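Visitor: If you read the protein sequences in the order shown, they are chains H and F.
Counting from 73, one number per residue, gives the positions in the first sequence under our numbering.
Counting from 1431, one number per residue, gives the positions in the second sequence under our numbering.
Heads up, some of the hints might be wrong.
Under the rule of at most 27 Å between Cα atoms (straight-line distance), these lysine-lysine pairs were calculated in the BS3-like manner [said to hold, decoys possible]:
no., chain 1, residue 1, chain 2, residue 2
1, H, LYS220, H, LYS143
2, F, LYS1432, H, LYS199
3, H, LYS143, H, LYS199
4, H, LYS220, F, LYS1481
Derived list of chain H stretches under chain F, where covered just means 3 residues or more per stretch with a C-beta under 8 Å from a C-beta of chain F [unchecked claim]:
no., region
5, 119-129
6, 154-168
7, 200-210
Derived by calculation from the structure, the hints in this document are not laboratory data.
For clarity, every value in this text was computed on a predicted model and none was experimentally measured.
Note that the Cβ used here is the ideal one computed from N, Cα and C, for glycine as well.
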Amino acid sequence: MYLKVSIQTQDFDLSQEVENLRLGNSAIGAICSFVGTVRDRNDGDQVSSLELEHYPGMTEASIHKMISQAKSKFDIFGSVVIHRVGLLKPLDQIVLVAVSSAHRGQSFQACEFLMDYLKTQAPFWKKELTPQGHRWVDARVSDDQALKRWGIDSANA
Amino acid sequence: MKINLRYFASVREQIGIASESIDTSSRDLSELRNELIARGEHYAIALSHGKAIRMAINQAVSSSNEPLTENAEVAFFPPVTGG
């Protein structure tokens, strides 16, 4: 089954990634994808850039773990998770999650589950540049609550 | 025992280094955190008990009573904010 996990500084092409996920499996009837992008505002302040740091090795392991959990929960085929690191600016793409399945319901749910999981369990950290200077982004309790909907306790924030 | 420490994000900035190897007599993560806090002001600020700090042993998130093992890779970092 198609599986791609990539932590990279370069941008990604949604069409190309979805095509790679789709081709070669005629049992696929649905693909759901999510793209996260950099906002120019956060917590009421203007954001001019975002710097993303991660824990090489643990990041990939945690993403593989979340994909295997998604496979046990949902009837899905392939998965793609791409997360960018390094310096990003407003409008840039940060993250892509795409999932394939026979029918739409399973890939919609799996895609949301993977994003909820990634938000609180994968070791990435964002530092944003505002007019007041650099600051580390705070984790949100709402992201822990989002994962709880899937029956997974999270105490990240 | 010898362990390898790694620090990320705000913890890395406050301590001033990304990694180091130390000899420790701490038996678990809780003792290790206290041992590091006692090393000096930078560590005390970065790992203060008032702060939400996550810890991992050999790249798996671990609770503070998790025992340390020889040559383990131990990481300290703030709550994660990816996605």
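Visitor: Now, for every hint given, state plainly whether the structure supports it.
Guide: Each hint tested on the structure:
Distance hint between LYS220 (chain H) and LYS143 (chain H) is fulfilled; the C-alpha atoms sit about 18 Å from each other, no more than 27 Å. Distance check on the hinted pair: LYS1432 (chain F) and LYS199 (chain H) sit about 32 Å apart at the alpha-carbon level, beyond 27 Å; violated. Using a Cα cut-off of 27 Å, the hinted pair LYS143 (chain H) and LYS199 (chain H) is violated, with the two alpha carbons roughly 32 Å apart. With a CA separation close to 23 Å, the supplied pair LYS220 (chain H) and LYS1481 (chain F) stays within the 27 Å bound.
Only residues whose beta carbon comes within less than 8 Å of a beta carbon in chain F count, and the region 119-129 of chain H has 5; three or more means the coverage holds. Evaluation of the coverage hint for the region 154-168 of chain H: fulfilled, as 3 residues show C-beta separations to chain F shorter than 8 Å, against a requirement of three. Check result for the region 200-210 of chain H against chain F: holds, 3 residues qualifying (beta carbon to beta carbon below 8 Å, three or more required).
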